[in-house]
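> Turn these sequences into a full structure, and let the hints steer you where they fit.
Residue numbers (the UniProt record's numbering), protein chains in the order written: chain F, 1 to 391; chain V, 1 to 391.
Hints are computed from structural coordinates only; laboratory data are not their basis.
One copy or two, either will do: identical chains are not told apart, so a pair holds if it fits within one copy or between any two.
In the DSSO-like style, the derived pairs of lysine-lysine whose C-alpha atoms are separated by at most 27 Å in a straight line are: (1) LYS218 - LYS101; (2) LYS87 - LYS213; (3) LYS225 - LYS101; (4) LYS87 - LYS225; (5) LYS101 - LYS156; (6) LYS120 - LYS344; (7) LYS120 - LYS87; (8) LYS126 - LYS183.
Number of protein chains: 2
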Amino acid sequence: MTTPSFNPPVRTLMGPGPSDVHPRILEALSRPTIGHLDPVFVEMMEQTKGLLQYAFQTENQLTMPVSAPGSAGMETCFVNLVEPGDKVIVCQNGVFGGRMKENVERCGGTPIMVEDEWGKAVDLAKVEAALEQNSDAAILAFVHAETSTGARSDTKELVELAHRHDCLTIVDSVTSLGGCELKVDEWGIDSIYSGTQKCLSCTPGIAPVSFNKRALEKVRNRSSKVQSWFLDLNLVMGYWGSGQKRAYHHTAPVNALYGLHEALCILQDEGLENAWMRHNKMHNALKAGLEAMGLTFIVDEAHRLPQLNAVSIPEGVDDAIVRSRLLSEYNLEIGAGLGALAGKVWRIGLMGHSARAENILLCVGALEAVLSDMNAPINTGAALGRVQQAL
Amino acid sequence: MTTPSFNPPVRTLMGPGPSDVHPRILEALSRPTIGHLDPVFVEMMEQTKGLLQYAFQTENQLTMPVSAPGSAGMETCFVNLVEPGDKVIVCQNGVFGGRMKENVERCGGTPIMVEDEWGKAVDLAKVEAALEQNSDAAILAFVHAETSTGARSDTKELVELAHRHDCLTIVDSVTSLGGCELKVDEWGIDSIYSGTQKCLSCTPGIAPVSFNKRALEKVRNRSSKVQSWFLDLNLVMGYWGSGQKRAYHHTAPVNALYGLHEALCILQDEGLENAWMRHNKMHNALKAGLEAMGLTFIVDEAHRLPQLNAVSIPEGVDDAIVRSRLLSEYNLEIGAGLGALAGKVWRIGLMGHSARAENILLCVGALEAVLSDMNAPINTGAALGRVQQAL
Chain F
1 MTTPSFNPPV RTLMGPGPSD VHPRILEALS RPTIGHLDPV FVEMMEQTKG LLQYAFQTEN
61 QLTMPVSAPG SAGMETCFVN LVEPGDKVIV CQNGVFGGRM KENVERCGGT PIMVEDEWGK
121 AVDLAKVEAA LEQNSDAAIL AFVHAETSTG ARSDTKELVE LAHRHDCLTI VDSVTSLGGC
181 ELKVDEWGID SIYSGTQKCL SCTPGIAPVS FNKRALEKVR NRSSKVQSWF LDLNLVMGYW
241 GSGQKRAYHH TAPVNALYGL HEALCILQDE GLENAWMRHN KMHNALKAGL EAMGLTFIVD
301 EAHRLPQLNA VSIPEGVDDA IVRSRLLSEY NLEIGAGLGA LAGKVWRIGL MGHSARAENI
361 LLCVGALEAV LSDMNAPINT GAALGRVQQA L
Chain V
1 MTTPSFNPPV RTLMGPGPSD VHPRILEALS RPTIGHLDPV FVEMMEQTKG LLQYAFQTEN
61 QLTMPVSAPG SAGMETCFVN LVEPGDKVIV CQNGVFGGRM KENVERCGGT PIMVEDEWGK
121 AVDLAKVEAA LEQNSDAAIL AFVHAETSTG ARSDTKELVE LAHRHDCLTI VDSVTSLGGC
181 ELKVDEWGID SIYSGTQKCL SCTPGIAPVS FNKRALEKVR NRSSKVQSWF LDLNLVMGYW
241 GSGQKRAYHH TAPVNALYGL HEALCILQDE GLENAWMRHN KMHNALKAGL EAMGLTFIVD
301 EAHRLPQLNA VSIPEGVDDA IVRSRLLSEY NLEIGAGLGA LAGKVWRIGL MGHSARAENI
361 LLCVGALEAV LSDMNAPINT GAALGRVQQA L
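Written out as structure tokens, the structure reads:
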């Protein structure tokens with residue numbers, strides 16, 4: 001039996017990522033492959049580093065894309081910075097804090113958990129208490145924008161707290177990079193990782209990271225080798241470093257990096273602050289429509305992310321049927337709840353190229369149509385008008 | 001200063017990988033991105049597993065693409081199979097055996113090295129002696145096709161030896177998959193990893209792997225957790241497993257997997273044995289041309305890989321100048337020597353879509369022109385005729 005070529009349907013992606021990929025990026029992916037040591041490719045690597053510095057708002061020399069998905073970006077931070085025996089304070093207010101805990105344990109570190117309810121921001125007072133009770137802690141790790149709930153935590157303040165207690169910071173910005181204010185240098189973030197498939201609107205598979213000098217000093221002074229050969233920054237730096245002579249480490253994912261380069265050019269063309277404002281504006285339009293239907297957000301307004309909207313599923317409505325109908329009738333993908341929120345919320349992503357007026361109208365219109373057809377307890381008739389006003 | 005979009009030159013890639021990417025694959029990369037949990041995507045994942053089983057000639061259920069380059073495929077095998085304290089016999093006859101040693105050490109295992117000269121196949125007698133001297137060894141690890149030298153080792157015999165001494169096997173097939181005979185089930189290989197950018201002619205960034213039941217039993221019965229969260233097969237299997245319900249693990253590199261699927265469709269259309277024969281035929285044509293110039297191979301004929309041709313650089317010829325002229329004058333990339341062979345050999349790859357008549361003529365013609373222009377000690381005038389005869 002012969003397997004034919006795969007021809008995917010055309011979807012509108014408004015889940016937690018991947019987001020809609022800009023056609024310029026899809027086209028960039030199909031440009032001719034060149035060697036990963038070709039001088040022209042090396043030049044593109046340099047440009048990509050510069051563009052990432054802009055996106056992260058940092059001058060960190062070690063700012064580069066890890067050749068693997070966001071989870072490997074997370075692992076890059078932990079395996080390099082956590083040494084066996086290190087105490088790491090991990091804030092958990094959603095799925096990804098739990099994954100950080102797993103990472104700490106697998107590096108031989110001791111996680112000290114600071115837990116907050118899912119949907120809440122990380123509580124600064126609890127973190128301060130944990131830092132005081134654990135004066136020997138080496139690192140504070142937390143998620144800037146929790147993809148599982150849509151909550152934004154006060155990153156600047158958390159980093160300040162950590163530094164006051166002599167801790168380095170590991171920050172997850174998978175969902176924040178390019179979608180809302182994030183200033184690595186101004187906020188003093190020591191190490192940070194992200195993904196390409198969220199607010200950069202690129203295809204999934206690459207993880208931008210950045211490390212400041214203080215973080216690199218810890219990596220260089222480790223007493224044991226980094227447990228991952230593939231993610232060992234001491235080796236990766238020889239390849240992505242800025243010297244003329246690059247040491248072969250692994251074969252870079254050439255075409256995926258064409259895509260990232262193009263995504264970052266698009267961000268540069270729009271301007272970072274403009275991109276943040278666009279996400280905000282689209283969020284307000286979506287919110288107007290959803291609230292007109294009577295749907296409610298699970299995150300309070302002060303900590304709500306514009307790019308990831310978690311709304312409660314109305315009483316008696318079957319989560320899976322709604323998502324499946326949106327997909328089959330409108331080619332529209334929205335996200336399910338994860339972990340403790342499975343079946344209780346939908347996650348509507350407005351990330352990068354997905355954060356467009358036409359998508360808001362589609363999403364609100366399709367959701368209203370499907371829910372009213374299923375006799376869900378929502379208000380009908382007003383939502384689309386509210387969206388139009390807000391756009 | 002604004003960074004413009006990146007427009008790569010059109011190269012012919014005859015180095016050690018990436019190889020020329022088939023236009024069908026480049027086009028597949030630019031198809032619309034869909035969600036990584038979309039039912040249509042899940043169907044494509046199933047097809048990809050089936051196509052990989054065909055390429056590896058295996059019925060192993062756990063046959064799948066790791067979402068990262070070949071080096072991470074290597075690491076997947078080692079972090080899952082090597083437990084702290086395990087003794088691992090590692091054969092080194094080039095760069096990649098050394099990388100295996102690094103992996104064993106970072107997993108807390110003890111590597112027992114069996115070393116052979118670079119360019120030679122792994123010596124069966126030495127391996128047998130090591131297995132006898134280390135009856136407590138748990139694993140034998142070796143490279144089927146050494147990308148740094150072009151030597152092929154006797155995989156079937158090495159696996160038999162390992163099994164006779166109750167060892168599992170880890171086999172590197174980065175450069176062999178799709179380019180020369182490789183039969184995972186018939187040869188009894190327990191775990192194997194490869195890359196996409198060699199004889200599958202796909203873009204770099206994905207690592208196909210396969211594990212048999214015996215290997216998975218060791219993974220499932222580990223007394224310690226796998227040190228990498230990202231590469232832990234116990235978790236990855238929940239995502240790539242064949243159940244209807246897939247657990248979210250990481251976001252799959254959607255478009256890169258479109259490319260791999262297309263590459264495997266192309267292999268299926270050609271037929272695996274036909275692909276092996278094509279690589280052989282093209283190798284013979286290249287060999288005829290190179291030998292007519294007086295160039296010599298560093299690997300003896302019995303163990304020479306058709307897809308990776310390491311030839312000695314003639315006396316007095318500057319390696320870097322030749323490669324740089326081939327690139328700038330003919331847009332042709334050939335590979336440099338690695339490690340101990342740096343400056344001493346060129347590595348000419350005939351992998352996947354690069355193994356075509358037009359490429360052989362270009363490579364031999366361009367090399368002859370540049371070398372004779374540099375007054376290198378070669379025979380001129382006969383090479384292209386020999387290539388034509390052999391094609």
